Amino acid sequence: MTDLAPRPQDAIPAVYDAATLAVLAAMEEAAEKHLDAIRPHNTKRGYANDWALWTEFHDWLAERTGQPLPLAAVTKGTLVGFVVWLDTIKLAAPNSIDRRITGVTVTARNEHGVEVPKAATVAARQALKPLKNDPERMARGRGRAAAATPEQLQQMSAAAPDNLTGLRDRALWLMAFGIAGRSAEVAALRADSIIHVSKGLEVHVPAVKGRPPRDVVVGYGKNPDTCPVRAWLTWRAASGTIGGPAFVAVDTWGNLGQDHLSAEAVREIIARNAERAGLAVRLTGHSMRAGFITASRKAGKREEKIRAQSGHAENSPAFWGYIREADKWTDAASEDIGL
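The opening residue of the sequence shown carries number 4 in this note's numbering; numbering runs sequentially from there.
No lab work stands behind these hints: they were computed from the structure.
Check each hint, because a few of them may be wrong.
To be verified - Below, in silico cross-link-like pairs of lysine-lysine (PhoX-like), each with a Cα-Cα straight-line distance of 20 Å or less:
1. 212 with 93
2. 93 with 135
3. 79 with 132
4. 308 with 202
5. 225 with 301
6. 225 with 304
7. 121 with 132
8. 132 with 93
9. 331 with 301
10. 121 with 79
11. 304 with 202
All values reported here derive from a predicted model rather than from experimental measurement.
Whenever a hint applies, use it, and build me the whole structure from the sequences.
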């Protein structure tokens, strides 16, 4: 692991006497306070968000390596890893990643007393450079997530591996679509809160991040390959899931984990399976939620029924944006006007 560079005051020549060193140190501290005082509030809030993502990245890394690293260890390896994580897991736009690098670097220095080595930031931006030349990546964050379609779900189902992991993945993304669920909601689902009834499933979606819980129903689908009910029942039987987390990790040998998947893991599973199916668009965790709203509206379902399923507020701009998109070609103003 790259050694952390010394603080600037440590690099001051030793020829200075103690009094001079004290004055220089005081001026260094005063400069930091002054810069912090004049830094815009939005910038400070942005840096706080950057550090929160840095913390989340460390949690993600610890889950996979079994070794938690100190947050102050902003090294070449960890910072480049952060860039890759933001790109592949968070699907962040390259310009956003660039700002995150700055936020982590500044926070490490100002709040944790660590001067990030220049080699680390140079390497991180070298890793970022080719991402900025990718038009698809640069377009991230400029619009809503691509809405998954039933046809795409069928492609994903056909490409899913025929093993326990494949059964879990299929059940997971179809459940996400069926409940119009956020990734965090899907991750938090409990098996004993998914009740099988004659018409399908009655699902209790738990409260997540301050959002209220909701109870929804998921009916049987006409296509067995994309039916959320059949997919859930198959996964439940194969995994022996009765209570506890609805979806858990599955290792290479088919051993099941004990804990809920993270929201990041849910997003990763959806993105990975969409890529495996060779879809022309990149699907994210939110694509299932958007896809349900769009497909349900195109099928003629009422707005209040769709909102009850998705948990959107009545005045949600995101919800009405999806509704407008679904209605775009319904009785279009340019149709049948004598042209």
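To see whether the hints hold, each was checked on the structure:
no., hint, in the structure
1, 212 with 93, "18 Å, holds"
2, 93 with 135, "16 Å, holds"
3, 79 with 132, "16 Å, holds"
4, 308 with 202, "17 Å, holds"
5, 225 with 301, "16 Å, holds"
6, 225 with 304, "17 Å, holds"
7, 121 with 132, "16 Å, holds"
8, 132 with 93, "18 Å, holds"
9, 331 with 301, "10 Å, holds"
10, 121 with 79, "9 Å, holds"
11, 304 with 202, "18 Å, holds"
Checked against the numbered hints above, the structure breaks none of them.
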